[in-house]
Amino acid sequence: MATSNRTVRVLVVCADGAATSTVVSVRLREYFENKGLRAEVVQGRVVDAKTIVENSKFDLVVSTAGSNLGITNVPVLNGVPLLTGIGKDQFYTQLDSIIQQS
Amino acid sequence: MDLKKILKPELIFDHLDLKSSEEVISFLAGELERRGLVKEEFRTAVLEREKVFPTALQTGSINVAIPHTDVKYVNEPALAVATLQEPIPWRRMDKPDDLIPVQIVFMLAIVDPSEYVKFLSKLTSMFGNEKNLAKLIVARSSEEIEQFLLSSLGSQDEIEREV
Numbered sequence: 001m002a003t004s005n006r007t008v009r010v011l012v013v014c015a016d017g018a019a020t021s022t023v024v025s026v027r028l029r030e031y032f033e034n035k036g037l038r039a040e041v042v043q044g045r046v047v048d049a050k051t052i053v054e055n056s057k058f059d060l061v062v063s064t065a066g067s068n069l070g071i072t073n074v075p076v077l078n079g080v081p082l083l084t085g086i087g088k089d090q091f092y093t094q095l096d097s098i099i100q101q102s
Numbered sequence: 001m002d003l004k005k006i007l008k009p010e011l012i013f014d015h016l017d018l019k020s021s022e023e024v025i026s027f028l029a030g031e032l033e034r035r036g037l038v039k040e041e042f043r044t045a046v047l048e049r050e051k052v053f054p055t056a057l058q059t060g061s062i063n064v065a066i067p068h069t070d071v072k073y074v075n076e077p078a079l080a081v082a083t084l085q086e087p088i089p090w091r092r093m094d095k096p097d098d099l100i101p102v103q104i105v106f107m108l109a110i111v112d113p114s115e116y117v118k119f120l121s122k123l124t125s126m127f128g129n130e131k132n133l134a135k136l137i138v139a140r141s142s143e144e145i146e147q148f149l150l151s152s153l154g155s156q157d158e159i160e161r162e163v
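Chains A and B, in that order, give the protein sequences.
By the numbering used here, the letter at position 43 of the first sequence is numbered 43, and the numbering carries on one by one without gaps.
By the numbering used here, the letter at position 55 of the second sequence is numbered 55, and the numbering carries on one by one without gaps.
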């Protein structure tokens with residue numbers, strides 16, 4: 001795959017950048033590892049998300065605290081399916097398509 | 001993370017007859033505070049955080065909420081659990097403008113997220129299975145809920161091993 005020789009950069013945010021984003025980050029890292037993709041998963045707070053993606057290049061943002069982060073130049077995915085497992089297949093389908101396009 | 005250490009029957013409440021998310025949060029935070037597990041400001045901090053970043057998770061016909069707040073308000077890792085007599089409208093974590101009926105509440109007192117993550121991961125995975133949630137809301141005692149959580153979240157040893 002064309003994407004395998006580069007590093008996918010994901011910003012994972014939740015309200016305090018501690019609880020739910022930690023769970024989501026662990027699951028994403030496992031997913032990338034299983035796919036054999038190099039990835040950098042960075043954790044942060046929702047309120048900082050816009051500034052973080054403006055100052056550094058990310059392929060996507062995953063948020064557990066709503067998708068309305070004021071970010072327009074990077075795709076934002078709802079990370080709650082990775083918490084509960086409900087709708088996670090759909091989440092990974094979207095994730096794969098974003099990675100392939102970027 | 002020692003599951004047995006944070007899961008205590010005295011912090012598990014079944015069929016609470018409360019009418020709002022604020023009442024549930026105040027009650028559970030009060031129980032945590034009374035035991036010295038969280039600081040005095042914890043209750044207000046959770047309530048304030050919930051206004052901006054609500055914590056209900058849409059899990060099917062039985063929904064759950066996981067109110068929590070910044071680690072600085074917590075003394076010891078803990079968990080307070082409540083099932084509710086009647087579902088209470090609670091705002092969704094991923095769609096804060098949407099209210100959904102919540103019937104099970106897990107109040108998280110987190111000190112070190114990296115230590116808590118395995119537990120939280122197992123807990124949230126359990127939400128994906130509606131049968132588990134159905135069993136929780138029919139349980140009639142704290143001990144019954146405790147036993148069910150211990151068995152479905154895996155033994156203490158298992159969690160220790162995975163950390």
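Careful: at least some of the hints might be erroneous.
Here are the simulated DSS-like pairs of lysine-lysine, each with C-alpha atoms no more than 25 Å apart in a straight line [claimed, not checked]: (1) Lys135(B) to Lys88(A); (2) Lys131(B) to Lys50(A); (3) Lys19(B) to Lys95(B); (4) Lys35(A) to Lys88(A); (5) Lys88(A) to Lys95(B).
Note that these hints are calculated values from the structure, not bench results.
For each hint, the structure was consulted:
1. With a C-alpha separation of about 23 Å, the suggested pair Lys135(B) and Lys88(A) falls inside the 25 Å cut-off, and the hint holds.
2. For a cut-off of 25 Å, the pair hint linking Lys131(B) to Lys50(A) is broken: about 39 Å separates their Cα positions.
3. Distance restraint check for Lys19(B) and Lys95(B): the Cα-Cα separation of roughly 22 Å lies within the 25 Å cut-off, and the hinted pair is therefore satisfied.
4. Taken as a hint, the Lys35(A) and Lys88(A) pair is honoured in the structure, with Cα atoms around 16 Å apart against an allowance of 25 Å.
5. The suggested pairing of Lys88(A) with Lys95(B) holds, with an alpha-carbon distance near 17 Å, which does not exceed 25 Å.
Violation of the numbered hints given earlier is confined to hint 2; every other hint is satisfied by the structure.
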